[in-house]
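From first to last, the protein sequence lines are chains F and C.
Be aware that the first sequence starts at 198, since it is given in this note's numbering, and climbs by one per residue.
Be aware that the second sequence starts at 9, since it is given in this note's numbering, and climbs by one per residue.
Please keep in mind that the hints were generated in silico from the structure rather than gathered at the bench.
Honestly, I wouldn't trust all of these hints.
Below, computed lysine-lysine pairings styled on DSS-like, alpha-carbon distance capped at 27 Å [what the hints assert, rightly or not]:
1. Lys440(F) - Lys134(C)
2. Lys179(C) - Lys359(F)
3. Lys348(F) - Lys183(C)
4. Lys200(C) - Lys359(F)
5. Lys183(C) - Lys443(F)
6. Lys200(C) - Lys76(C)
7. Lys179(C) - Lys200(C)
8. Lys443(F) - Lys200(C)
9. Lys440(F) - Lys32(C)
10. Lys32(C) - Lys348(F)
11. Lys348(F) - Lys15(C)
12. Lys359(F) - Lys76(C)
13. Lys440(F) - Lys179(C)
14. Lys134(C) - Lys443(F)
15. Lys348(F) - Lys443(F)
16. Lys32(C) - Lys179(C)
Which bits of chain C does chain F cover? Going by a derived footprint, with three or more residues having C-beta under 8 Å, they are [as the list claims (entries may be wrong)]:
17. 36-49
18. 100-107
19. 123-136
Using N, Cα and C, we set each Cβ at its ideal position, and we do this for glycine too.
The residues making up each chain are set out below.
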Amino acid sequence: MRTRNILDGFIPIIAFAVIWEGIAWLHIVPEYIFPSFSAVMREFYHLTVNGVLLNNLASSLFRVLAGFLLGSVAGIMMGTVMGCRQIINRSFNPIFTLLYPIPTLGWAPLLMIWIGINEMLPIILIFLCSFFPVLYNTITGIRSVDDDVIKAAKTLGASDRKILTSVILPLAVPNIFTGLRLEAGMAWRVVIAAEMVAIPTGIGALLIRSESLLRVDIIIVCLMVLSVMCLVFERFFQYIETKMTKEWR
Amino acid sequence: MPDIELKNIRNYVFNGLNMEIFDKELLVVIGQNGAGKSTLLNIIAGLVEYEGSVLFDGVSVNRMLTDKRRVGYLFQNLALFPHLDVASNIGYGPAVNGSRRESIAKRVDELLRLMKIEHLRDRYPKNLSGGERQRVALARALAVSPQVLLLDEPFSSLDTGMCSCIRQEIKRIQKGLGITTVLVTHDMAEAKEMGDRIVAINGGEVREVADLQRMYRNYPDDLHHLQNCTGCAIECYCKG
């Protein structure tokens with residue numbers, strides 16, 4: 198049944214590739230503007246074999262993982278403290294409420310001046326992009342835990358710390374993972390934008406170089422890789438969330 | 009099990025409440041919505057702030073936090089931990105109190121047997137019926153060998169047949185274990201079936217304390233009336 202579902206998902210993609218190949222084969226537009234699917238796949242193979250694609254992907258992946266990990270951990274920790282302690286929430290919430298609506302890439306010019314154009318720039322941008330949504334989802338998750346459940350744990354002898362680790366955080370997991378899942382895809386979008394603007398390595402940089410060389414086939418390869426990476430990240434968190442909560446939700 | 013005294017309790021509901029709950033008795037607290045019944049339980053459990061004194065066997069527990077009072081609390085919505093299976097729900101109290109793994113398993117087995125829910129051991133709360141959830145919640149409350157058992161309208165979500173059956177079982181278990189118990193309800197039939205004594209609370213004050221045996225003897229008509237009229241319970245009691 199599962200194999201059947203996967204096959205069902207691939208059929209439209211295969212149909213799309215066939216139609217794409219057919220349109221390119223008609224040569225309505227020049228191949229350098231609209232390459233065929235097979236030409237793109239050939240380029241994908243070349244870029245993979247000569248290491249260009251993998252090197253750039255590794256650079257982007259490192260930035261995404263570093264920024265996302267730091268931003269998520271910070272968001273979960275701060276969200277936990279703000280969700281549990283009203284006074285800390287009241288102190289920080291006004292500041293975060295002002296900072297959250299700023300588009301992540303809006304920080305780029307300021308960060309370029311403050312930290313320069315180096316490896317830290319995309320990492321900090323991804324940190325900012327991950328931090329706020331994970332923070333607010335964590336706070337929401339913690340606040341949504343039923344008060345009576347917390348009281349029940351207290352009457353059974355659990356300390357505040359034990360209640361946090363054994364009741365509140367496990368029950369906040371679905372909300373926390375919603376934040377992580379949404380931002381996993383967003384982190385890739387931000388790293389590509391940052392690399393296109395300022396960084397000479399990574400998938401974003403490869404994209405912008407390909408544009409200057411009018412290599413539409415490489416651009417499409419990069420977009421495909423980006424699409425797959427976003428999907429893999431989102432599905433990864435979905436899988437972990439399901440694994441952790443499917444028994445009781 | 010302790011004798012519980014509440015002396016001159018004051019907070020946002022009570023204005024100088026005095027009350028005594030005797031060792032091993034099942035005291036029923038009746039009253040309409042907003043009368044302060046649940047607040048009374050929360051005070052005994054140390055879950056809300058108050059002025060005055062709560063004494064367990066003559067010893068003040070005012071400075072004792074909830075987690076140290078050894079109180080078994082059955083909440084109205086039962087408040088089972090949804091992310092833990094039945095065995096883990098029951099074993100939660102002993103586990104957080106530092107019991108060894110073997111003794112937790114032994115205690116869980118005992119309570120599963122006592123509640124006749126051995127077959128539910130690995131189920132999660134979402135997969136339990138109302139009555140099953142009730143038994144699990146009671147087993148969880150008993151797992152820490154509480155000094156006092158507090159029951160906050162625990163039968164309100166059950167259908168009548170199930171309700172009566174669970175009441176009798178709780179009564180049997182309470183008498184068997186000899187736990188001082190306070191049951192909050194607004195259902196007079198439930199109060200009559202369960203209680204050794206009945207306290208009516210209204211507007212944050214104890215209006216009357218009734219000994220059921222005395223009521224049966226002296227006011228059979230009122231008692232019959234009360235069974236059919238939960239809304240006027242307090243007025244009827246005041247006659248006694």
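Hints, verified against the model:
no.: 1; hint: Lys440(F) - Lys134(C); verdict: holds, 17 Å
no.: 2; hint: Lys179(C) - Lys359(F); verdict: violated, 32 Å
no.: 3; hint: Lys348(F) - Lys183(C); verdict: holds, 26 Å
no.: 4; hint: Lys200(C) - Lys359(F); verdict: violated, 40 Å
no.: 5; hint: Lys183(C) - Lys443(F); verdict: violated, 40 Å
no.: 6; hint: Lys200(C) - Lys76(C); verdict: violated, 32 Å
no.: 7; hint: Lys179(C) - Lys200(C); verdict: holds, 12 Å
no.: 8; hint: Lys443(F) - Lys200(C); verdict: violated, 43 Å
no.: 9; hint: Lys440(F) - Lys32(C); verdict: violated, 46 Å
no.: 10; hint: Lys32(C) - Lys348(F); verdict: holds, 24 Å
no.: 11; hint: Lys348(F) - Lys15(C); verdict: holds, 24 Å
no.: 12; hint: Lys359(F) - Lys76(C); verdict: holds, 14 Å
no.: 13; hint: Lys440(F) - Lys179(C); verdict: violated, 41 Å
no.: 14; hint: Lys134(C) - Lys443(F); verdict: holds, 11 Å
no.: 15; hint: Lys348(F) - Lys443(F); verdict: holds, 25 Å
no.: 16; hint: Lys32(C) - Lys179(C); verdict: holds, 12 Å
no.: 17; hint: 36-49; verdict: violated (count 0)
no.: 18; hint: 100-107; verdict: holds (count 4)
no.: 19; hint: 123-136; verdict: holds (count 3)
In this structure, the earlier hints numbered 2, 4, 5, 6, 8, 9, 13, 17 are contradicted, and the remaining ones agree with it.
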